[in-house]
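There are 4 protein chains.
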Amino acid sequence: MTVNFALLGAGRIGKVHARAIAASVDARLVAVSDAFADAAQTVAEAYGCAVCSIDEVETDKSIDAVVVCTPTDTHADLIERFARAGKAVFCEKPIDLDLARVKHCLGVVEETGAVLMVGFNRRFDPHFAAVRAAIDEGRIGPVEMVQITSRDPGPPPIGYIESSGGILRDMTIHDFDMARFLLGEEPDTVFATASVLVDPAIGEAGDFDSVSVILTTASGRQCSISNSRRATYGYDQRIEVLGAEGAVAAENQRPVSIEIADARGFTRPPLHDFFMTRYTEAYAAEIAAFVAAIAGGKPAAPSGEDGLRALALADAALLSVRERRAVKLSEIL
Amino acid sequence: MTVNFALLGAGRIGKVHARAIAASVDARLVAVSDAFADAAQTVAEAYGCAVCSIDEVETDKSIDAVVVCTPTDTHADLIERFARAGKAVFCEKPIDLDLARVKHCLGVVEETGAVLMVGFNRRFDPHFAAVRAAIDEGRIGPVEMVQITSRDPGPPPIGYIESSGGILRDMTIHDFDMARFLLGEEPDTVFATASVLVDPAIGEAGDFDSVSVILTTASGRQCSISNSRRATYGYDQRIEVLGAEGAVAAENQRPVSIEIADARGFTRPPLHDFFMTRYTEAYAAEIAAFVAAIAGGKPAAPSGEDGLRALALADAALLSVRERRAVKLSEIL
Amino acid sequence: MTVNFALLGAGRIGKVHARAIAASVDARLVAVSDAFADAAQTVAEAYGCAVCSIDEVETDKSIDAVVVCTPTDTHADLIERFARAGKAVFCEKPIDLDLARVKHCLGVVEETGAVLMVGFNRRFDPHFAAVRAAIDEGRIGPVEMVQITSRDPGPPPIGYIESSGGILRDMTIHDFDMARFLLGEEPDTVFATASVLVDPAIGEAGDFDSVSVILTTASGRQCSISNSRRATYGYDQRIEVLGAEGAVAAENQRPVSIEIADARGFTRPPLHDFFMTRYTEAYAAEIAAFVAAIAGGKPAAPSGEDGLRALALADAALLSVRERRAVKLSEIL
Amino acid sequence: MTVNFALLGAGRIGKVHARAIAASVDARLVAVSDAFADAAQTVAEAYGCAVCSIDEVETDKSIDAVVVCTPTDTHADLIERFARAGKAVFCEKPIDLDLARVKHCLGVVEETGAVLMVGFNRRFDPHFAAVRAAIDEGRIGPVEMVQITSRDPGPPPIGYIESSGGILRDMTIHDFDMARFLLGEEPDTVFATASVLVDPAIGEAGDFDSVSVILTTASGRQCSISNSRRATYGYDQRIEVLGAEGAVAAENQRPVSIEIADARGFTRPPLHDFFMTRYTEAYAAEIAAFVAAIAGGKPAAPSGEDGLRALALADAALLSVRERRAVKLSEIL
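Chains as they are written, first to last, in the numbering used here: chain A, -14 to 318; chain B, -14 to 318; chain C, -14 to 318; chain D, -14 to 318.
Everything labelled a hint here was simulated from the structure, so no lab data went into it.
Hints are supplied without guarantee of correctness; some may be wrong.
Claimed, not checked - Result set (SDA-like, lysine to any residue): computed pairs, CA atoms no more than 20 Å apart in a straight line: (1) A:Lys313 <-> B:Arg307; (2) B:Lys88 <-> B:Pro284; (3) B:Lys0 <-> D:Asp11; (4) D:Lys283 <-> D:Val93; (5) B:Lys0 <-> D:Ser9.
Chain A on its own, in the form it takes in the complex:
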């Protein structure tokens, strides 16, 4: 079975998905839609598909699935619309920045029975997936402590930050999802601290650039998250998990792994310069999982519920930063 896709939104992340779909033997990109005609046209030419309006995609019976890469404030509307149109929906995170809106949207999806998958790409990274597999295989015993280090090479433009919902909802949300993916138990309490160390303009925009979080579960499992909007050495993405019988870790990835030795020491090149190259394999595996869910007529994971819970953790973290206390997830959700 080949799944026919329409891509909604032909920006940076849209192009990443277009390439992943084109490279898949089980998927075909048949249509692309974007408010900017030029952006849509570029993708259409690169992968030999049609430029369509949203309305045309909605009514085209040959289209099985849509990939939503439009601006965040359109996500929930588009999910609802295409779920109702009987199409499988893959939506970039977040579903919405407002929890109530997310809940409503998920209610609509449930009514329609549509397949919905949320784009937490890191679950599909082969290294992080192998960490999870090692846990599932019992290699380290019951999980006790998770440590996630997640740092961007440099801060985004202030304009992006202003519409991002803040670092906790924009960046840490990926780590909240990874924490849930790895802890083996729902985190029920959040403590977070956040400050502005990288760029005062980020603070002036009402956001932070440096974040530390501790999540805890009912049984006492702990997860630490460390975020920064700046790492001069590249896109820093590491995970380690301590269990009762051992530990497992996924180290950073770099595009070229040579080492040069001279009188100053031994030097390896910087890490990947950002998520497009760091997670190339993850994006391909993510689309493959979505296609497999559609083909199998099964719920996709990460689900809408996963999107909801990660957002709720972000909201709890923001409350914790403001009130300087541990916040129960039950205060939020």
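Add chains B, C and D to chain A, keeping to what the hints say.
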């Protein structure tokens, strides 16, 4: 100049210091004292020194310095006594488990003008010292985030735990000192969470075995600490520091660094089995620094004040665990 | 410009190239030919191209280039035929197992002015290419010593070995090309030793499975090569180069780079299981370089001459094994 | 039992042994002798021993063992003299640069029944010893191929080179001993190539600075050795062994193992600056093994025979360089 030492307390850590003194070209171990005659005798034979009573050490004019490795509840008394006797004092951490007692003791030391050094050995580890040197040399720019992972191979006997003052004062206290050593600014707020995941008996003794801490400074610098009383792969001691211009990290150490490759993969041996072998070089450098301070007639570091501040952070952390909120150090000190 | 390709030979390595062509934005696979109709059909379906005979490919004006992945004893004939037909030719190594035949073939290519590229894929591995780039940038000063370790996970079937020309012409030939790629000066002398340690059947087939080689250049530069037909831990492919001012090395690659720590130590997974996964990126870059040469109307590298010289080194090595002495390349070429 | 030592020769390597003896609980340095009174005096003061003449050491009944660190051309005479005097003898390599002289010396030692140990310190490095232990435990199956990389940080003074016997007898001899230590079978054939790449003055002195060697055994096991007198990144000392079931490797050691990451990449400090710091643990273990042999009344290893065989391999290698052919050890020994 050769400094003549008496060792007070010939237990496990006492023997470590005895060896470090014996190996130093500028120090000589001339006396050892222990409530258990056999323990003192063993050290005396190994290093060719005399067995003495505490009183004899106090009045022996030839003894320049004492190393206090007796049980914790005797530390403050011995520090005061030997400071008054005009001897330089090296005391294993902690000075005392009670902040008020520590303050009084430091007052006495100040009056006498004695040299006092507190045994935070990790500052002298060549790898951690190199991390600090890299910061001081401006290699990573201003410090922003510190991450300390510190895990014991296995939990101590319950009897030890009962008299230890709890994991925060016994184990995390080393990490609090390292945080102060590396942050470049005093931490002023502590958030800590602690749970019992390793052994319920530890919980029954009123203590915890798994701890996550976030320290913050006035300018927003952050330090995360992760502790466990169990790491099956050995004594896990890592530090990493993110700065505005780069990062520096000290990896784990192992006694033998071979790698065996076969069909199951590439395997390196476990880490050191505990602090005596992991910090061999640190203990030697620590005594050398103490001897240098005595010879130079200068204050030693880490100082009594360093001991006081690390303990205060531990007390603040304990309050944070209980009240599930960020605690200001000013509430404690 | 899009280059239209025909694939000649749809076996294991043929499929690797078919995928690389399909993934390229500048290349299109339009035809596939194979003596086994089923093999051709499989590729045709996977990538949407036609099944053709060799004759049809030869006369099809729309086909710009052929990729020769047929059995070794057909390579030279096909190169000559398609060079005369005005098509660019990419040929898997070796051009032929007989030096005289190779020379004749290269003469024909020269007459026709056709683009010919020989499939020494390792030059295009991003890590090995970065080693060469570091040398070219002067990072290590003039090259002095090269060390190449190249081991297969396990021996091929005896049938393969019997028609392979022997380990020196089949396996070490890649290392001879890498040596030439990295030494910065033509090796002019070869010493080789070879033995049968892996499987006596390989010896009975007249071949070896374990090889050590030293190449030297006129100025005294040295290159060591270590080959085995068996490495239980995976496909072992390493290079290191010592220069007057430093050294550069490319380490092994593995598909998943996690590390599991427990009481037995720290374990990383085995390496790639063979060349198809290890050199995925190299095969893509190789086709891209071929397409660029065609588009630019320029000679391709590695050239036919590179194929000739690597084979001559293999022949010299075989003579060295037999006569237990250093053999001058001028005795062969 | 405490073994009383006299040190003959208080130069660079003599001081290394003096420190190892002083640090041992079972050994005591009681005398030091050197043609230069100042050198002897320095050691005497540092470790509290007497300055003696060679004659005094010979007749002093309280001295159990001598450590010979005098110039090479005195080694054989001193070994014979002290063996006859009933003392255990530890001699730095080589016994002599002339094979016939070595054989005669070993004959004398055999007659006297004296304990003789030759200073191939690398066998006692904990990492290399662990490589051997892994082989002995069957972790990698039967040994097939050994690779030894051994490079000095920089060339010695020309004066040293002139009296060294040449790089093969001075430097590669350590690698010949390691090859024998690890191959599990005597190497019976040597091929070597050598050139002058580092400093023309070394060539003018009749020596080489860059060497590649292949050793083979009767059953076809192979060992590659790569030497250079210059490695800008420090003292490069690596070993790897391929067996039928796996491989084992010992990586380089560095005094400080931090890593600094910035926009240029990830940098670790250079390696040890030379053998005194790289092999500190090995020198201590070497003396401990010698003491244990004396205490147990047993032959010591590496033995005089080991010294003889390593020298014979060096002589065979030199002949191979000259005649550009594989040389049988039986041509030499």
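Evaluated hints:
Annotation: proposed proximity of Lys313 of chain A to Arg307 of chain B holds, straight-line Cα distance about 15 Å (limit 20 Å). The straight-line distance between the Cα atoms of Lys88 of chain B and Pro284 of chain B is roughly 17 Å, inside the 20 Å bound, and the hint therefore holds. Simply put, Lys0 of chain B and Asp11 of chain D have alpha-carbon atoms about 18 Å apart, close enough for the 20 Å limit, and the pair holds. The hinted pair formed by Lys283 of chain D and Val93 of chain D meets the criterion: a straight-line CA distance of about 17 Å does not exceed 20 Å.
Restraint check for Lys0 of chain B and Ser9 of chain D: the C-alpha separation of about 16 Å stays at or below 20 Å, so the hint holds.
Consistency with the previously given hints is maintained throughout, with no hint failing.
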